[in-house]
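Engineer: Add chain B to chain A, keeping to what the hints say.
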Amino acid sequence: MMRYELTQIPWLKRLLVSRWPIFLVRAVVLAGFVLTIVAGLVGSPVGSHNFAIIFVWIAWWSFLKLLAIPFGGRAWCAVCPIPMAGEWMQQGALVGRSARGIGLNRAWPKQFRNIWIPTGAFAMIGLFSAVILTLPRVTGWVLLGFIAVALVVSLVYERRAFCRHICPIGGFIGLYSRLAPVEVRVRDRAECATHADKTCVTGNEQGYGCPWQAVPLALVQNTNCGLCMECLRSCSRDNIAVNLRPFGADMGRRAGRSLDQAYFGFMMLGSVAVYSTVMLGAWGKLKTAAFEVGSVAWLSYAAVFLAFTLGVLPGLFLLAVWAGRKLAGSTLSLRKTFIAQSHALISLGLLAWVAFTVSFAFAKFSYVWSVLSDPFGWGWNLFGTAHVPWTPYLMNLAPMLQVLALLGGLIWTSVWVRRIAQEELLEKQAVRQSLPVMLFCLLFTIGMLWLLIG
Amino acid sequence: MTHTKYPLSNTCTARRRKCFKSQIAVVAVLLAIAVLVVPAPMSLAAPQERHIRIEASRFQYTPSVVSVNPGDRVTIDLTSTDVVHGLYVDDYALNITADPGQTTRLTFVADKAGTFALRCSAPCGPIHPFMVGRLNVGSNGLLWRAIGIASVVAFAGLWWFRK
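Sequence order for the protein chains is A and B. The working numbering puts the first sequence at residues 7 to 460. The working numbering puts the second sequence at residues 314 to 476.
Every clue listed holds true.
Simulated coverage check for chain B against chain A, where a stretch passes if three residues somewhere in it have a Cβ under 8 Å from a Cβ of chain A:
id, segment
1, 363 to 374
2, 438 to 446
3, 457 to 467
EDC-like, lysine to aspartate or glutamate: derived pairs with alpha carbons at most 20 Å apart:
id, chain 1, residue 1, chain 2, residue 2
4, A, K204, A, D244
5, A, K19, A, D244
6, A, K342, A, E430
7, B, K425, B, D404
8, B, K334, A, E433
9, A, K332, A, E430
10, A, K116, A, E164
11, A, K291, B, D395
12, A, K19, A, E211
13, A, K291, B, E368
14, A, K332, A, E429
15, B, K331, A, E433
Which chain B residues stay away from chain A? Per the calculated CB distances, all over 10 Å, these:
id, residue
16, A358
17, A359
18, D390
19, Q415
20, T416
Derived from the structure by calculation, the hints contain no laboratory data. Don't be surprised by glycine CBs; every beta carbon is placed ideally from N, CA and C.
If we strip away everything but chain A, and leave its shape as in the complex, we get:
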């Protein structure tokens, strides 16, 4: 598959190897993060007048889904402020290479080396989403909670265990980063295989061993690469490349197909459908039910959310895979086929999130101008934009963009449903295996179309 090595460009390579550019971006992001937490905790309780709500859930969350993940994969993880404090303590340095870090450096428990915890964490966010997304104080406390957990985990376990095995946003980004057109890979695998020291894993004076505990030689997909560039610094044989590649280049890889990844994918698909129903639908009682945490209505919402994302959706998909096996006369195990085929839903999921995001990002973005001038909602007017009225942008274009995103996701998924089926089956069998699965994808797409533009 075609690749263009970005690290062939000398100035770009220098930029990536240097710790300063990433540090400076991280410092700015950290400052914004601190402002967000302070605004959340002490600012106006009205979400649309508070920097925390508008910047986290309108600006950042939309930026992540519309641009950062589709085009940069895990690029956000390289500058994410949440693990910074813990990582700096682990490493004992803010910018340079140091060997005086603190922490117990324990290995992450084997039974949790998967993404079941992020799946559960994302489910928790889903259950409390109406509160987290609208109450500044709750957003502030949630972010503080993330920092605290990341710090404790960094002090007990080695490297970025929090990012890889706990963070729900990390799980989200990791899943969809497989579609991104950027990757860090070994340039010459033979060269790497003969390099006994593996400084990219163990670290040396130039760089730390991979904070994500990835082995670059074995890296065949983006999920566990945080684009931190440590391997680029520490490889003593100059054998690491940052490549531009076609979108979705990881999708044909069998590595990383597992039940936890499959379920995380269903959690994402289910969540976007539930969010579209609750937040963008015209049913006020549903919104109230999702908001009134602890009430009977909320308990019903929570039960439906969990049943739909973890039971109904995977159950229907399993039924489709089972029907496909029967049609194809396949002798492959149902579990293996289910896991492999669910991998194809990644593209459908990302583009469903893009379509969902277009709905509220365009409608709410104008709040950004007022909270920039008045981040705490205290009546300031720092840049003269505090009184910019709320105005939805490009609402005449939004439905068309949503249709294009959902259709694009469906077409892209049909490519992978068929190709994954053909990995193990003959051509005609593969088509038969794929038919019920594509019916599932079509029905999901129709459901999203109805929710978003219906």
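Structural biologist: Just chain B, lined up with the frame of chain A:
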């Protein structure tokens, strides 16, 4: 001659596949074009006056979905039952607000067909950003065409994008 048999057979199969792919592509494109160009069902009813009363309360409009015909002259009386609520009509860019217990009137001609969100434009509580309703002006052609094209591409893709 046996050494040429398999290559020839492979060539024929490849040709047949290419031909089949082309047929699939042509059929899919024709179906997609048909879905795009088939005219949407037109309302035969003459434009009329529509008077609609919408009650705005905690995070919802009642009724939450309003349907009119293209060309209708629509008058909306927005009444708020609790706090100040607003009503912004997407794409039409019309906006009104109603104080608690008061009614505000909005009149416009529904000259754009489609489905439009009605959004609360006055911060009314935590769920305010998600307080929405729907205005249907005629049939939702975009939705039906999108469903039609999705149905075509989903299954055409299975044959087209083989390994």
